Amino acid sequence: MKLLLVRTAYLVLIVLVSSVAVFYAIRLSGGDAVAAVIQPGSASLEARDQLRELWGLNLPIHEQYLTYMGNLLRGDPGNSLTNSTPIVNMLVIHGRHSLILGGAAFVLVFGLGVPLGILASLRRNSVVDASIMSFSVAGMAVPNFWLALLAVWLFASTLHWLPTAGCCSPRHLVLPAVVLAMEGLALTVRMTRSAMLENLERDFVRTLRAGGLSEFRVIGRHVLRNALIPVVSLAGLRIGQIVGYALVVETIFGWPGLGQVLVNAVLRRDYPVAQFFSLLLVALVVLGNWLADLGYLATNPRLRAGQLGV
Amino acid sequence: MVEPTSSHLEAWNARLLEYEESRRVGPVQAAFERMRRNKLLLLGSALGLVVLGAGVLGPIISGADPTVQSFSTTNQPPGFEGHLLGTDHLGRDLAVRTFVGIRVSLMVAAGVTLLSLVLGLLLGMVGGFLGGWRDRTIRGVVDFVWGFPLILVAVLFAGGLGEGLFPVILAVGLVNTAAIARVVRGEVLTLSEREFIEAARAGGLSTIRIMTKHLFPNILAPALVLASYYVAVAIIAEAALSFIGLGAQPPTPSLGGMVSDGRNFLQLNHWGSTIPGLTIVLLVLAVSLIGDGLRDVFDPRLRHEAKGVGEE
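Chains A and B, in that order, give the protein sequences. In terms of our numbering, the first sequence opens at residue 1 and continues consecutively. In terms of our numbering, the second sequence opens at residue 1 and continues consecutively.
Keep in mind that the hints were calculated from the coordinates and are not lab data. Please read all numbers here as calculations on a predicted model, not as lab measurements. Think of the CB as a built atom: it goes at the ideal place given N, C-alpha and C, for glycine as much as any other residue. Among the clues, some could well be false.
As the list claims (entries may be wrong) - Covered stretches of chain A (chain B as the covering partner; in silico rule of three or more C-beta atoms under 8 Å from a C-beta of chain B):
#1 18 to 27
#2 144 to 150
#3 243 to 252
What the hints assert, rightly or not - From the structure, some residues in chain B lie toward chain A, with a derived Cβ separation under 8 Å:
#4 Phe148
#5 Ala239
#6 His270
#7 Val281
Turn these sequences into a full structure, and let the hints steer you where they fit.
So, in structure tokens, the structure goes:
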């Protein structure tokens, strides 16, 4: 319990530190927000200064930070500089797309990864096992943007089965979700397989079999329960992985999620947007790591005794 | 009790070094023998030499400029009018661009490796050997950075420093630093209990001297092997970031950027995208084979450490 509190305090601390880091990094960057919005020569120096004042850019950075965090905690992250859209609206619209894509990838990672891993472990050293494992190795070795391109070339440009890019029908979702899930899927297959194999060889399995329990119940009830603990307890880490790759995959497939919003905001120097979504994604990753920590603690009773530091 | 004089310390230092040397020679020779027998390592090295050769010699031999455009001959297939691999959407020679792109990839990889190796060794050694609050602080920072997705960190850096190769090197280098520092720290903890470190302490050698003369030479080989593993990570990250427009900026040819340029013309001439794409895959394959091979040869124990986030 104490460890849980420590880890949670750590989570809050990390998010706070990150918010300061992100804020300062973006303010100190060379790009002038005013110059990014206004065409060169189209506004007088006074007008530019007025704009700076309007956006509060003339204040010292720490005051800007406190004002910003105050507004943020009251639920107002400000507006986009390029088209004045409230960032809250962007969060609602693009967040929904991100949730759909990330959720689909998450479901694929576990919904497909776990059964494939189980299948490979039960048919150990067979053709099935070999093909599943080769697929898994390939999934981890091929860079995902290259995989995305091959998939577009094959399924969209050549076979015309699926659209190349865009949003938002289920047909549009297939390619980005598969590409986004691929590495996590490959990892989950490997972890599930090795955890299953480890447990299949343990004494209690032999005892249960000797006791006359059907193979289905031995595996379904007992082996699986033990084998899935490490796989599921680390599910939080997959969140971070999906968030990171979403930045690339959403850009490739033109999927209008948060990743694409962040990349575009960085490219256009739209700093309120870049700042808010950087922070949001950082918080998501930290939350994922925290969940993985919790899972790890919950399934490793020895750690709960508290010998382990932060 | 006799206070150790500086000549005593020198003699003690020399004898310890001699001892450590004698313990190292055997395994190193055996390792070279194993290297010669490791087929994957040989294959990777051969592949790596070919790609490296293309990157280093290609632009010199062909003499063409990777940025010269020719709008009458755009999107041509390989072999067209002396263009070995054809031309891209602006009529630039694909072969030369690919060769220079390899150079860019390798330069980024070298920068990342140098940064992460130096910082990782420093942090890992200081934390692992000195312990205490230094260790706790370093571990806190390192664990935090380590759990982060590379691409997100790089996008944050691009937000702060602008697009380009420098923020990419910095971001990837720092994340890899965390990975290396973790392993180095673990190795240092194990080494600290070995008899020659104990002997160096007992002999009154200063902490700085123990760290630089006795710890460092023994930690360098495993750290190098581990760093070689992360070269592939650096190459992939640079390609991905250049692909989404945050890495190398035009007109610098970068493999990821070329894949991105070519994707709008997939049906017209897929080579513009597939050639740099395949080059990335080959490069990554070569580097991974070398990394895996070196790891098997020098330090089979590291097999677990280098597997990436979450595979515990």
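Hint check: 8 Å Cβ-Cβ cutoff, histidine 270 of chain B to chain A: Since chain A brings a Cβ to about 6 Å from histidine 270 of chain B, closer than 8 Å, the hint holds.
Residues of the region 243 to 252 of chain A with Cβ under 8 Å from chain B, three needed, outcome: holds (count 7)
Residue hint phenylalanine 148 of chain B, partner chain A, criterion CB-CB below 8 Å: Holds: closest Cβ of chain A sits about 6 Å from phenylalanine 148 of chain B, inside 8 Å.
Cut-off 8 Å, beta-carbon criterion: hint that alanine 239 of chain B touches chain A: holds (6 Å)
Within 8 Å of chain B's CB atoms, at least three CB atoms from the region 144 to 150 of chain A: coverage verdict: holds (count 5)
Restraint outcome when valine 281 of chain B is required to lie within 8 Å of chain A by C-beta distance: holds (6 Å)
Claimed coverage, the region 18 to 27 of chain A by chain B - three or more beta carbons nearer than 8 Å: It holds: at least three residues are needed, and the region 18 to 27 of chain A offers 3 whose Cβ sits within less than 8 Å of chain B.
Violated hints for the displayed structure: none, as all numbered hints are satisfied.
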